[in-house]
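Residue numbers (my numbering), protein chains in the order written: chain S, 1 to 264; chain A, 1 to 319; chain P, 1 to 294.
The set of hints was computed from the structure by calculation and includes no laboratory data.
Positions of the beta carbon are idealized from the N, C-alpha and C atoms, including for glycine.
Mixed in with the good hints, there may be bad ones.
[Unchecked claim] Simulated DEER-style distance windows between Cβ atoms:
id, chain 1, residue 1, chain 2, residue 2, range
1, P, GLY265, S, TYR15, 46 to 54 Å
2, P, LYS82, S, THR221, 47 to 55 Å
3, P, LYS82, A, VAL149, 48 to 56 Å
4, S, PRO93, A, SER170, 40 to 48 Å
[As the list claims (entries may be wrong)] Partial selection, computed: residues in chain P whose CB lies under 8 Å from chain A:
id, residue
5, ILE75
6, LEU79
7, LEU80
8, THR84
9, TRP131
10, ILE133
11, VAL137
12, ALA140
13, ALA189
14, GLY192
15, PHE228
16, TRP266
17, ILE280
[Unchecked claim] Sample of chain S residues lacking proximity to chain P, with all beta carbon distances greater than 10 Å (derived):
id, residue
18, ALA18
19, ASP68
20, ASN113
21, MET173
22, ALA203
23, THR223
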Amino acid sequence: MTTAMLELHTIRAGYNDAIAIENISLTVGQGEVVCLLGANGAGKTTTMRVVTGLIPLLSGAIRYHGEDISHMPAHERVTAGICLSPEGRQVFPDLTVMENLSLGSFNRRARPNRKQSLERVLTLFPKLHERRSQAAGLMSGGEQQMLAIGRALMGEPKLLALDEPSLGLSPKMVSTVFESIRTIAKSGITILLVEQNTRAALAIAQRGYVLSAGRVVHEGTATDLAQSEMVQKAFVGAAFTKQGVRTSRRERRLAQSNEGGAGA
Amino acid sequence: MSSTRVWIVFAAAIIASFVMPHFLPPGLSDWVTRLSTLILVAISWNMMANAGLISLGHSGFWGLGAYSVALLANAFHMPFWLSLIPAMLLGAIFGAFLAYITGRLRGLFFAISTLATSEALRVVALMVPKLTGGAEGVFVFDQIRPDRVTMTSFALSLAVVAVAISYFLSRSRYQYALRAMRDSESAVQMLGVNPARFRIGVTTLSGAVAACGGVISAWYTGYLDPGSAFDLKVTISAQIAPLFGGLYTVAGPVIGSIAILTLSELTRLYFNYSGGVGLLVYGCILVFGVLLMPSGLVGLWKRRRKRAGPVAAIPAGVK
Amino acid sequence: MASLIFQIMVDSLLLGGVYTLMAVGLSLAFGVTRIINFAHGDVVMYGAYAAFFAFVGLNIDPLLSLLFVAVLGGIGGYLLFKLTLDRILDAASINQVLLTFGIGLVLQNVAVILWTGDERSTTPSYAFDSWFISDDVVVAKGRLIAFGLAIAFVVLLLAWLRWSELGRATRAVSQNRAAASLMGINVRAMYGLSFALSSAFGTATGAIMSFLLPVTPFMGFPILVKAFAIIILGGLDSIIGTVIGAFFLATAETTIAYVVPQGIGWAEGVAFFLLVMVLIARPNGILGTVGREA
């Protein structure tokens with residue numbers, strides 16, 4: 001039986017006077033990879049922001065290792081072990097890759113182990129080692145994504161939160177990044193993953209939740225979700241948007257490379 | 001109130017402002033004149049604040065108005081009512097200049113620019129004695145100065161006109177644009193208003209109105225020097241009055257001006273008012289006002305108005 | 001002619017150092033908190049008075065009281081932040097402008113009431129010495145010392161920002177506030193720290209200026225305007241830009257002072273002129289990225 005590491009109970013949150021998510025409940029167990037799926041604007045990123053403390057919750061509760069962290073400030077959650085690779089990467093543009101990574105281990109729990117963490121991250125993302133003295137703002141999208149994930153890893157997370165790691169990346173980059181995520185998952189770190197790329201997400205997750213218009217509309221194991229009609233519909237629906245068309249082609253190529261190439 | 005009724009009220013007020021001063025005792029007459037000048041700069045400051053532009057250098061407009069009187073009146077023996085025109089022109093140009101240099105920049109740049117520009121004007125006034133009398137100042141020739149009654153009528157009627165302008169502006173189609181501009185200038189574009197041009201319009205009009213205050217002051221006191229013409233006190237009073245009486249409203253600057261002036265008279269009578277104390281009190285009012293009002297001084301007035309109309313509010317914390 | 005140019009160069013250099021110190025605090029605080037402290041000039045003024053009273057009352061040389069004055073300034077700045085700005089961090093910027101402006105007023109007029117408008121200055125011996133480099137070029141000893149100290153402070157700051165843990169965190173906050181909190185950085189605490197540093201540098205500048213300028217409660221205003229011109233010229237969120245801007249302004253002022261008749265009076269207006277030029281031509285400044293409407 002997996003012990004729940006993170007529990008969200010009937011969370012409501014939003015921006016100013018607009019509610020973005022309502023009645024969100026989910027759990028993430030120790031060592032699991034759980035994904036949040038849904039179309040643009042469904043509330044996935046808002047949920048992430050509530051989990052990491054970037055925006056306050058209006059009602060409901062968040063429990064982490066059984067402890068209520070609903071009102072814990074964001075920076076303290078990092079020390080507690082929740083590290084986020086945010087949507088859009090959000091690297092520090094005028095700092096070098098190394099400086100970005102060092103900042104990742106700013107929190108007092110991770111700081112003493114900075115050297116070891118750096119080694120691990122640079123082994124996982126050799127590209128970052130190559131670019132270590134470069135200003136982060138000058139790197140490509142894929143490299144920045146690796147940096148964002150690496151930076152989150154530097155914080156020695158117990159729960160690694162990844163918000164849309166595939167956003168704006170080429171299909172090849174997406175598979176590279178997801179390879180790395182799979183490796184991270186294998187090392188035992190719990191992962192909460194938000195993704196629009198349903199196929200890639202379900203390929204590495206054990207369980208998932210589907211969000212739509214700010215609510216959880218479906219949940220289940222990855223296999224269930226992959227075969228469920230609702231997800232298919234959502235997937236098909238997305239295929240008709242501009243993003244969706246690209247997505248479906250990307251999906252196909254990703255599926256091809258997954259089937260043809262070696263598994264991680 | 002219907003439009004015609006409003007016009008009648010204002011017309012009556014203007015007539016009253018020419019009639020009433022004849023019946024006022026001299027002390028009260030002086031007070032009314034000073035009040036009128038304060039109302040003018042307060043309305044002017046309020047107008048700019050309405051558009052999201054914080055002026056920290058309103059004394060610049062005042063000083064321009066005052067000096068234009070001193071120079072032109074002395075040189076050409078211009079009658080006092082005529083001197084309004086070049087003064088307002090200067091004030092308008094100065095206002096337009098400020099809007100131009102800050103273009104599409106954030107309100108912060110506007111605040112800094114007003115501060116710097118008013119200071120620069122003071123330096124110019126100081127450094128060109130041939131034109132402005134320099135540090136020694138300049139006198140407005142006694143012969144052409146109007147008598148007290150005329151002065152008060154003049155001042156009061158100008159104040160009424162300013163209130164009228166402010167009133168009609170608030171009822172015009174620009175009122176939504178103004179409110180939107182406060183929150184975000186990009187929202188304004190959605191309403192079909194060109195923010196840059198709008199900004200220039202606001203500052204030009206504001207500037208002209210504020211310059212009138214300086215004009216009256218010059219005629220009234222008959223003497224000015226760079227220090228007093230560009231006095232920081234002018235800027236402060238112009239801010240405090242609307243903040244006190246009601247930011248963004250029409251009546252606010254008027255109410256606030258009356259309150260401020262009465263208060264300063266009382267403190268002068270009872271506390272042997274020395275230079276620093278007045279400004280210190282003003283500073284404290286600003287500080288505590290911002291801190292203690294739930295959403296700052298601005299928020300107090302914002303909450304009252306929240307019921308009226310939709311505003312495109314951009315969430316502050318969203319990245 | 002050549003010696004005039006050389007003299008201008010020397011004086012510009014020396015002045016530039018002090019101007020850098022004067023503006024860098026404002027720049028740092030803005031870069032991190034995005035708040036412009038309109039009371040900065042008055043903070044400098046308090047530093048000058050502190051040095052003055054230490055000199056007159058305790059016979060301490062301003063250079064010796066410098067560190068103490070800076071620490072006092074830092075503590076004062078932090079307290080001021082905690083009591084006031086910290087409470088309105090999420091407020092509309094109009095409130096922040098009015099608040100810091102009001103604080104400046106309070107500071108200035110408390111000084112007026114306590115110490116009157118009379119001019120003071122500290123008069124350490126080196127304030128009067130000067131060296132002759134060549135036949136016609138003079139270096140005022142006081143200015144040279146002021147320059148040295150100012151540069152030392154600025155270099156220390158830059159080194160701290162570049163190499164220390166907190167310094168790096170400070171840079172992170174100024175580049176991306178949200179991401180910084182995701183690193184475990186307490187952004188609010190960093191705000192307090194940068195304000196403390198800003199005030200420390202401000203009061204240090206005041207202490208240095210106490211033997212260069214007459215000390216009055218009103219000295220803060222022109223200092224504020226100059227600091228504005230400098231940071232806008234250099235770019236609001238760039239410290240290096242501030243350094244460049246400072247030397248630029250110093251050079252412009254010095255040149256005007258020497259070359260134009262009655263130049264010293266006009267030199268005060270150079271800051272404004274520069275400010276307007278920058279706003280028209282390139283509002284981001286030389287190295288900055290903050291300018292366009294949010």
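Results of checking the hints against the structure:
1. P:GLY265 to S:TYR15: 46 to 54 Å: 53 Å, holds
2. P:LYS82 to S:THR221: 47 to 55 Å: 51 Å, holds
3. P:LYS82 to A:VAL149: 48 to 56 Å: 55 Å, holds
4. S:PRO93 to A:SER170: 40 to 48 Å: 44 Å, holds
5. ILE75: 19 Å, violated
6. LEU79: With a closest approach of 14 Å, the LEU79 of chain P hint is violated.
7. LEU80: Not OK, violated: LEU80 of chain P not within 8 Å of chain A, min 10 Å.
8. THR84: Holds, because the Cβ-Cβ distance from THR84 of chain P to chain A comes to roughly 6 Å (cut-off 8 Å).
9. TRP131: Hint on TRP131 of chain P: violated, closest Cβ of chain A at ~32 Å, above 8 Å.
10. ILE133: Given a least distance of 31 Å, the restraint on ILE133 of chain P is violated.
11. VAL137: Since the shortest Cβ distance to chain A is 28 Å, the answer is violated.
12. ALA140: 25 Å, violated
13. ALA189: Constraint on ALA189 of chain P not satisfied, violated at 18 Å.
14. GLY192: This hint is violated: GLY192 of chain P lies away from chain A, its Cβ roughly 17 Å from the closest one there, beyond 8 Å.
15. PHE228: Result: holds, 5 Å to nearest chain A Cβ.
16. TRP266: 6 Å, holds
17. ILE280: Given a least distance of 5 Å, the restraint on ILE280 of chain P holds.
18. ALA18: The claim stands: ALA18 of chain S keeps its Cβ more than 10 Å from every Cβ of chain P (closest is about 17 Å).
19. ASP68: 20 Å, holds
20. ASN113: 14 Å, holds
21. MET173: The claim stands: MET173 of chain S keeps its Cβ more than 10 Å from every Cβ of chain P (closest is about 21 Å).
22. ALA203: At about 26 Å from chain P, ALA203 of chain S clears the 10 Å cut-off, so the statement holds.
23. THR223: 33 Å, holds
The structure fails hints 5, 6, 7, 9, 10, 11, 12, 13, 14 (numbered hints given earlier, in ascending order).
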